[in-house]
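Q: Required output: the full structure, derived from the provided sequences and hints.
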Amino acid sequence: MKDLFKIAWRNLNRNKVRTVIAILAITTVVAIVVFSRGLILGFSDNTYDLYIDNNLGHARIIQSEYRNREALLSLDYGIDGFQGAGLENMLLEIKELEETEYIVPRLKFGALYGGQANEMVRMAGFGIDPVAEKRHGLLLEEINRGRMPEEGNEILVGVGLLDKLKADIGDQVTFMFTNYYQSLQGRTFTIVGVRESGFSEFDDNFFYLPLTTVQSMLGMEDQATEIMVFSTSRDRAEELEESLAILFQERDGTDNYSALAWQRTDPILELFLEMESIFDFIYIAIILMGTIAVISTLKMIIRERITEIGMMSALGLKPRDILKIFTVEGALMGIIGSAFGVLSGGLINLYLSRAGLHVQAYADTISGMDVLVEPAFYPVFNLENLLVSFILGATVVTITCLWPARSAARLDPVTALHHDS
Amino acid sequence: MLVVSLNSEKKINQKLENSVLVSLDSVKKTYEDGKISVRALRGIDLKIAEGEFTTVYGPSGSGKTTLLNLIGALDKPSEGQVKINGSIINELDRNGLALLRRDNIGFVFQSYNLIPVLTAYENVEFALKISSSNNGNPVRNSKERSAQILEQVGLGDMLDRRPNELSGGQKQRVAIARALVKEPRLVLADEPTANLDSKTSKEVLEIMLEMNSKLKTTFIFSTHDPMVMEYAGRLLEIRDGKITREERR
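So the sequences go chain by chain: A and B.
Quick note on numbering: the numbering used here labels position 64 of the first sequence as 64, and the sequence is numbered without any gaps.
Quick note on numbering: the numbering used here labels position 153 of the second sequence as 1153, and the sequence is numbered without any gaps.
Honestly, the hints are just simulated from the structure, not real lab data.
Errors might be hidden in some of the hints.
[Said to hold, decoys possible] Calculated pairs, DSS-like style, for lysine-lysine (alpha carbon to alpha carbon, straight line, at most 27 Å):
| no. | chain 1 | residue 1 | chain 2 | residue 2 |
| --- | --- | --- | --- | --- |
| 1 | A | K108 | A | K318 |
| 2 | A | K2 | B | K1129 |
| 3 | B | K1129 | B | K1214 |
| 4 | B | K1129 | A | K6 |
| 5 | B | K1076 | A | K324 |
| 6 | B | K1076 | A | K318 |
| 7 | B | K1028 | B | K1076 |
| 8 | B | K1216 | B | K1202 |
| 9 | B | K1143 | A | K318 |
| 10 | A | K134 | A | K108 |
| 11 | A | K134 | A | K95 |
| 12 | B | K1047 | B | K1199 |
| 13 | B | K1035 | B | K1242 |
| 14 | A | K299 | A | K16 |
| 15 | A | K6 | B | K1214 |
| 16 | A | K324 | B | K1143 |
| 17 | B | K1083 | B | K1214 |
| 18 | A | K2 | A | K324 |
| 19 | B | K1129 | B | K1083 |
| 20 | B | K1143 | B | K1028 |
| 21 | A | K324 | B | K1129 |
| 22 | A | K6 | A | K318 |
| 23 | B | K1202 | B | K1076 |
| 24 | B | K1129 | A | K318 |
| 25 | B | K1202 | B | K1083 |
| 26 | A | K6 | A | K324 |
| 27 | B | K1035 | B | K1076 |
| 28 | A | K299 | A | K318 |
| 29 | B | K1083 | A | K318 |
| 30 | A | K108 | A | K166 |
| 31 | B | K1047 | B | K1035 |
| 32 | B | K1143 | A | K2 |
| 33 | B | K1214 | B | K1143 |
A: If you want it as C-alpha cells, here you go:
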C-alpha cells in the first residue's frame, strides 16, 4: 500500500497544471461549504440564542392554555404554583432539579399611555425579578442608560418607547392597564433606565418593572405568566423538559402547566432546525459539483496511462490494487483541496465572525418583520465546522473517484498493453 | 543451425514431458470485432520446457503477440487449453490470472513500460514488492536484491535515475531487471530490441542469455529481428496463426 501511495503521490506531479486545477476546484467548493455552514450555523445559533435569552429560556413554563391567548396579554392564565400553592414554592422546587441552573419568572401584561395630542401608546409591561434578571444578564447588558428597576414604581423602558413617551430618565409617566379583575387602573412610574436591544419590537413596545409591584397592582399575588428555566446549556433542554414534566405530574397531577424545550416552543425555530438538515444535502451537492473536475482529471489520466495500467496488470497487480492507485490519486487531490478549502473558508469565517456580513437589503427587510434575527450575518468560526467540511470534502471526492478508478481496474490487460496512446 | 531429426526429436519430446513449463493444446484464438471475427491463432500445439531460450518469429499479424499473450496469462484461448506451470489458464478468473503472472512470469516490453514516476531502483523493487504484498510473505532483502539485479544488468550506478533520464538501452535493462528480480520461471519478451540500435540490442540479448544460463529462467521472445533469432536455442516460425516451422540448436 505504501508503494501504491508513493506512485499516486508522485503521479500528481506529472501534469502539475491539471492537478492544480482539480485541487482548486475542490478548494473552492469546500471553502463555499465551510463559509455556508458557518453562515447558517451562525445565523441559526444567533437566532436560537436570541429567542432563548429573550423569550423562551431552555424550557418555558406557562399555563397550557396561555399559549393561545398570549398575544392578547391575557391575565387569566397565571402560574400560581402547584395546586395553587404559590409561585415562590414552585420556583423553589424547580430550582431543586438537577438540570436547572437558574430561573427567570415574568408576568406580562398590557398597558396604555395617553400622550399629548390624543396620541395613544400601546405597550407590553413585564414584571421581572431583579435578582433573577441580573443572574440572566440580558437586560443588564442592554441597559444603555440608567439602571435596573429594583423596587416600587421604578421602570425600565425601551429606547424607542422612551421617544414615544417623550420622556427621559427621572421623569414620571402614568400608564393605564386592566388588572386581573378587569378593572381599569392607572399608575405613575418613575423611569430609572433605558434598554436598547436593537430590536424594534422590544425597544418600541416593552417596559419592565419589579415583579412584586406588578403582582400587587394586577391583583396576582405570588403569580407569573411565564417562567424561563435555564440549564447549563441549550443542548440539555430536552432533559430539562422531561424532568419538569415529571415534576408537574408528581406535584400537580394535572396538565395545567406545560414546559416545552426551546426548540418546540416556536414554529420558526422548528423550521430553522428542519432547514439545517436540508442544508446538509445541499453541502454534499456543492462538493459533488467540485468532484466533476477531479473525475474528469482522473478520466484523462486513466486514458493517458492505459498502457501503464496494462503493464501493472502484467506485473501481477490485481484489479483491486489498480483501483487503489487511482482512488488514492483522486483522494489525495480531495484531501489537499479540502485542506486548502478549509483553510481559506476558515479564514473568511474567522474574519466575518468578528466583522459581520452586513447586507443592507436584508437588514431593511428584517427590521420590518416580527422575528428575532440579527440584522447582520455572523458566520461561526469553529473547529467542528472545519472538521466536518474537511471530512465531507475528502470523503465525497474519494467515493466519487471510485467510479473512474473502477474503469481502470476493469481494463483488459491485453487491450491496455497494446493501446496506442 | 540444425533441423532436428526424427530420433533426436523423440528424445527431446521425452525430456520435455518431464520438465514442461508451458503447454498449449489445440489452441485457437478468435477476436470478435463487431460482425468481423479475426482468427489470430488457428490451432497451436506447443510445449516449452524449463530453461529454454525460445524465439517466435513471423510477419506482422501472424499471431506472435497473441501467442505470447496466452502464454503470459494475459488472455484466454477461444478453444483448446493453455497450461502454465501446471495451471490451466482457461479455468482462472482475473485475480487468478494476476496471481499466476505475479508468481511465474516476467515481462519485457518493446516500449519498456517503466513507471515514469519511480526511479530505476524503485521500478525493480516495486515488481518484487508486488509479489510479496500479494502473497503476504514479505520478500527478504528486497532492497539488496533490487540493487543487485540492476548491478547485474550494468546499471549499478544509475539506481536513482528516473526512466526519462535513461537511454533506450538502459530502460530496457531496467525492464529486464524488473522482469527477473522476482526470479520467475518464465520471461516473455515482446520485440525487446525493436526500439534499440544493434549494439544495444546485442548487449541486452547478452544479458538475457546470461540470466538464462545462470538462473535457468525460461525465455520466450517474439521478434522480427534476425539478431534475436541468432541467440535463440529454439526457433518457432508462425504464419497465419499456425506454427509452420520449428528449429532447435
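Q: For every hint, state whether the structure bears it out.
A: Here is what the structure says about each hint:
1. A threshold of 27 Å between alpha carbons decides the hint, and for K108 (chain A) with K318 (chain A) the separation of about 75 Å lies outside it, so the pair is violated.
2. For the hint pairing K2 (chain A) with K1129 (chain B), the CA-to-CA distance comes to about 10 Å; that is within 27 Å, so the pair holds.
3. Between K1129 (chain B) and K1214 (chain B), the direct Cα distance comes to roughly 23 Å. Compliance with the 27 Å bound is thereby established for this hinted pair.
4. Of the supplied pair hints, the one linking K1129 (chain B) and K6 (chain A) holds, its CA atoms being roughly 13 Å apart against a limit of 27 Å.
5. For the suggested pair K1076 (chain B) and K324 (chain A), the alpha carbons sit about 25 Å apart, so the restraint of at most 27 Å is met.
6. For a cut-off of 27 Å, the pair hint linking K1076 (chain B) to K318 (chain A) stands: about 17 Å separates their Cα positions.
7. Note on K1028 (chain B) and K1076 (chain B): the hinted pairing holds, with a Cα-Cα distance of about 10 Å set against a maximum of 27 Å.
8. Taking the CA atoms of K1216 (chain B) and K1202 (chain B), the gap is near 20 Å; set against the 27 Å cutoff, the hint holds.
9. Proposed proximity of K1143 (chain B) and K318 (chain A) is supported: the alpha carbons are some 23 Å apart, at most 27 Å.
10. Of the pairs offered as hints, the one joining K134 (chain A) and K108 (chain A) holds, with about 18 Å between alpha carbons and a cut-off of 27 Å not exceeded.
11. Of the pairs offered as hints, the one joining K134 (chain A) and K95 (chain A) holds, with about 17 Å between alpha carbons and a cut-off of 27 Å not exceeded.
12. Of the supplied pair hints, the one linking K1047 (chain B) and K1199 (chain B) is violated, its CA atoms being roughly 32 Å apart against a limit of 27 Å.
13. Proximity of K1035 (chain B) to K1242 (chain B) is assessed by CA-CA distance (about 23 Å); at most 27 Å being required, the pair is judged to hold.
14. For the suggested pair K299 (chain A) and K16 (chain A), the alpha carbons sit about 16 Å apart, so the restraint of at most 27 Å is met.
15. With a C-alpha separation of about 33 Å, the suggested pair K6 (chain A) and K1214 (chain B) falls outside the 27 Å cut-off, and the hint is violated.
16. Note on K324 (chain A) and K1143 (chain B): the hinted pairing holds, with a Cα-Cα distance of about 24 Å set against a maximum of 27 Å.
17. In summary, the hint linking K1083 (chain B) to K1214 (chain B) is supported, as the alpha carbons are separated by about 25 Å, within the 27 Å threshold.
18. Restraint check for K2 (chain A) and K324 (chain A): satisfied, since their Cα atoms lie roughly 11 Å apart, inside the 27 Å limit.
19. Under the criterion of a C-alpha separation no larger than 27 Å, the hint pairing K1129 (chain B) with K1083 (chain B) is consistent with the structure, at around 26 Å.
20. Restraint check for K1143 (chain B) and K1028 (chain B): the C-alpha separation of about 42 Å exceeds 27 Å, so the hint is violated.
21. Of the supplied pair hints, the one linking K324 (chain A) and K1129 (chain B) holds, its CA atoms being roughly 16 Å apart against a limit of 27 Å.
22. For the proposed pair K6 (chain A) and K318 (chain A), the alpha carbon gap of about 18 Å is at most 27 Å, so the pair holds.
23. The straight-line distance between the Cα atoms of K1202 (chain B) and K1076 (chain B) is roughly 33 Å, outside the 27 Å bound, and the hint therefore fails.
24. Note on K1129 (chain B) and K318 (chain A): the hinted pairing holds, with a Cα-Cα distance of about 13 Å set against a maximum of 27 Å.
25. Pair hint K1202 (chain B) plus K1083 (chain B) does not hold up; C-alpha atoms about 32 Å apart against a cutoff of 27 Å.
26. With a C-alpha separation of about 12 Å, the suggested pairing of K6 (chain A) with K324 (chain A) holds against the 27 Å cut-off.
27. Restraint check for K1035 (chain B) and K1076 (chain B): the C-alpha separation of about 21 Å stays at or below 27 Å, so the hint holds.
28. Taking the CA atoms of K299 (chain A) and K318 (chain A), the gap is about 20 Å. The hint holds against a cut of 27 Å.
29. With a CA separation close to 20 Å, the supplied pair K1083 (chain B) and K318 (chain A) stays within the 27 Å bound.
30. Distance restraint check for K108 (chain A) and K166 (chain A): the Cα-Cα separation of roughly 23 Å lies within the 27 Å cut-off, and the hinted pair is therefore satisfied.
31. Restraint check: the Cα-Cα separation between K1047 (chain B) and K1035 (chain B) comes to about 33 Å, which exceeds 27 Å; the hinted pair is violated.
32. Under the criterion of a C-alpha separation no larger than 27 Å, the hint pairing K1143 (chain B) with K2 (chain A) is consistent with the structure, at around 15 Å.
33. Proposed proximity of K1214 (chain B) and K1143 (chain B) is supported: the alpha carbons are some 21 Å apart, at most 27 Å.
Violated hints, listed in ascending order, are 1, 12, 15, 20, 23, 25 and 31; each of the other numbered hints is respected by the structure.
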